[in-house]
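A.B. asks: Now for the letters of each chain:
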Amino acid sequence: MLLAEVQRQKKPYGLYFQEVTGGFTTTARSSLQAFKVMPVVVYRVYPDGRPDELVRGADIVGTPLASFAKILATSDRPDVFNGYCGAESGTVPVSAVSPAILVSEIEIQKKDKSQDKPPLLPFPKDAEAPQ
Amino acid sequence: MRISGTTAVTTAGLLILLGHAFAADSSSVVLKAMRDELRHSRALDSVNLEKPYFISYTIEDAEGFGALASLGGILGTTDTLLRAPRIQVRLGDYQFDNTNYVGSGLNFGSRYDIDRFPIENSYPVLRRYLWLATDQVYKSAVESLARKRAALKNMSTAGEPLADFAHASPVHIVEELATAKIDRTAWLARVRALSAVFTEFPQVLSSNVEMQAVKNVRQLVNSEGTEVRTAEDVIFVRTRAVGQAPDGMHVRDAIALYSLDLDRGLNEAELSREVRRVAENIAALSQAPLGDTYNGPVLFEGAAAAQLFAELLARNLVLTRRPVNEPGRPNTFPSSEFEGRKEARILPEWIEVVDDPTQKEWRGRRLFGSYRVDLEGVEAQPLTLVQKGILKNFLLTRQPVTGFTASNGRARLPGAFGANTASVSNLFVRAEKRVPVTDLRKQLIEICKARNQPYGMIVRKLDFPSSAGMDEVRRLMAANARDGSGSHPFSLPVLIYKVYADGKEELVRGVRFREINARSLRDIRAAGNDTNVFDYLDNGAPLALMGASSYSAETSVIAPSVLIDDLEVRKLDDELPKLPLVPSPLLAGR
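In the order they appear, the protein sequences are chains A and B.
Under this note's numbering, the first residue of the first sequence carries the number 1, and numbering increases by one thereafter.
Under this note's numbering, the first residue of the second sequence carries the number 1001, and numbering increases by one thereafter.
A portion of the hints provided could be inaccurate.
Stated by the list, open to error - Think about it this way: if two alpha-carbon atoms lie no more than 27 Å apart in a straight line, the pair counts; the simulated DSSO-like pairs of lysine-lysine are:
#1 1051(B) x 117(A)
#2 1139(B) x 125(A)
#3 1051(B) x 1032(B)
#4 1571(B) x 1498(B)
#5 117(A) x 1139(B)
#6 125(A) x 1032(B)
#7 10(A) x 125(A)
#8 1181(B) x 1360(B)
#9 1139(B) x 113(A)
#10 70(A) x 110(A)
#11 1498(B) x 1433(B)
#12 11(A) x 36(A)
#13 1051(B) x 125(A)
#14 1032(B) x 1139(B)
#15 1360(B) x 1433(B)
#16 1571(B) x 1442(B)
#17 1139(B) x 110(A)
#18 70(A) x 111(A)
#19 70(A) x 11(A)
#20 36(A) x 111(A)
#21 1139(B) x 111(A)
To be verified - Where chain A lies over chain B, by a calculated footprint (3+ residues, C-beta under 8 Å):
#22 1043-1049
#23 1115-1127
#24 1130-1136
To be verified - Sample of chain A residues lacking proximity to chain B, with all beta carbon distances greater than 10 Å (derived):
#25 25
#26 36
#27 60
#28 64
#29 65
#30 68
#31 78
#32 79
#33 90
#34 103
#35 120
#36 123
#37 127
Treat the hints as calculated values from the structure; they're not laboratory data.
A virtual CB, placed ideally from N, CA and C, is assigned to each residue, including glycine.
Please model the complete structure; the sequences and the hints are all you need to start from.
C.D. replies: Written as structure tokens, this is what we have:
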């Protein structure tokens, strides 16, 4: 269904989110009505039969109500996400149970990127076998 | 680090492992890993950034147990087991490097999750952690050096600049590891019993007894060839109690007993005697009358004399260097009152002061401030600080300060801006002219009589290290600032007495000293023939406030009682809280 939708919308690829680490939303009247979800494992899925491609550095953003309206289909297998939900009063343990969902349109933004360099020296190879 | 609940089970398991590993002396694996990673880090020379001229690795292991009890019940226990690294990379050269700048020591580099190292002595894991830690510190150092150069281009500096790092000869000291064990069950029973003493005293509003025992192992390797492993055990029992006088004023007292010997260091009889004394002091203080404004001679007797020297002398023997700052930002760092006063008279000419970490015992009593080698791997020697009343030297680290270019092995606390902070070890205050303490009291009374003063004052205990809460410290600082006593607060007297012409003494409460500072020491009129050993943990905070810092240096001050002229005592002018609305249930039956 994802591939069919990609072809219908004439997009080069679709996105398959396998795992997210969490997210947050602001729904207070004084602030933006928006949410952000930080995925961990994301694949690009190509309609032309190329293998799926693992990508990094993408966050899901959007406005809650508009996003819910774009759910096209759900799977028949619910799954559980356990986590802590933070609020003014502290954190409480929560569980969310949901089937997989197919969304017709979702906004992705690039993750905040640091200017950090990888380690300057290579891993100490001699460390693996103590003399 | 506090571990509670189910994780404590795992910790106990690890402790056994660790104990076993230590017994087999495999913690030399740590030294080897540090040595080898130091060699690996030489490749940083060819990274095309700044070249390191000095790298040092310190790994500190701590295994500790603590318990807190009140009124015969345990309030909580803590188990500590951790290995913390301290890594230094210096770029440039001894004359000019990345330290002594306001940004030195900040992390500008990569963020790896390496604040704590694994406690197991696994060579490959240690190498991996050291490798990443070096990378992080090196990158920060490159950034600091660039920022420091930029900051200096924006300011004019007068005079010959101080070097940034002092040379030191390499040392090789690998101590045997201590094998003493902390008997948790016995200590729980002991603090429970000690804390129960307060149940007999309805005047005490709140009280607790705390014990902590820590086994420390410090291992240091640096690129100059120094290799050090020192082992140190510290145990202490601390009691605090608070009562309330009929006018609502809170009265506080505390005592701490320290030892470097986990097994036999603290004597049970002495502990219970001292804890009981705290309770008795609170009972007496809550009934004591308020003190008055007083100007005149004050006798610091017993422990109070050693506390006085710890507070006025010890702290000021440390010079603080101001870091290179960003232009336009305030550069206010507390400095020593003795700065620039080398070769000046700071004490009467019959007093000499020596700091001696090599002395382990004094008249059969083990000294708390003894050590062989400091945090920077510099061996410590006895040091004459004051000779015939003249200030001769300061406590120095490898951070050069005005007038001094070499360390004398006193780096005892981690400091700021890439340096360490100095502290005293065993500070001996010796007087050539000595009189019996009873004669000091007579002298005090005579001076008062000659001046037509109705009474003199004797201090037998100061609140040092202070058990005050942050609120109280703030009030004390504010009061100091109001009456011009300067920014260095001085501890409140806990046991201060009026002594009348006939020798009668009266305990008073609710007073503080005004304008007492290092200069007051020049007004010492006489010293006793007694010697008082006072042990404490110096954490570099004002009043050595208990619990203000996680790092502390073991310290002993050995001093005679002293009579000081021309001190000012003022009433505390705090607002007083109300008494409990319903009196203590313990008083009901009386």
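A.B. asks: Hints numbered earlier in the text: which of these fail when held up against the supplied structure?
C.D. replies: When the structure is compared with the hints, numbers 7, 35, 36 and 37 turn out to be violated.
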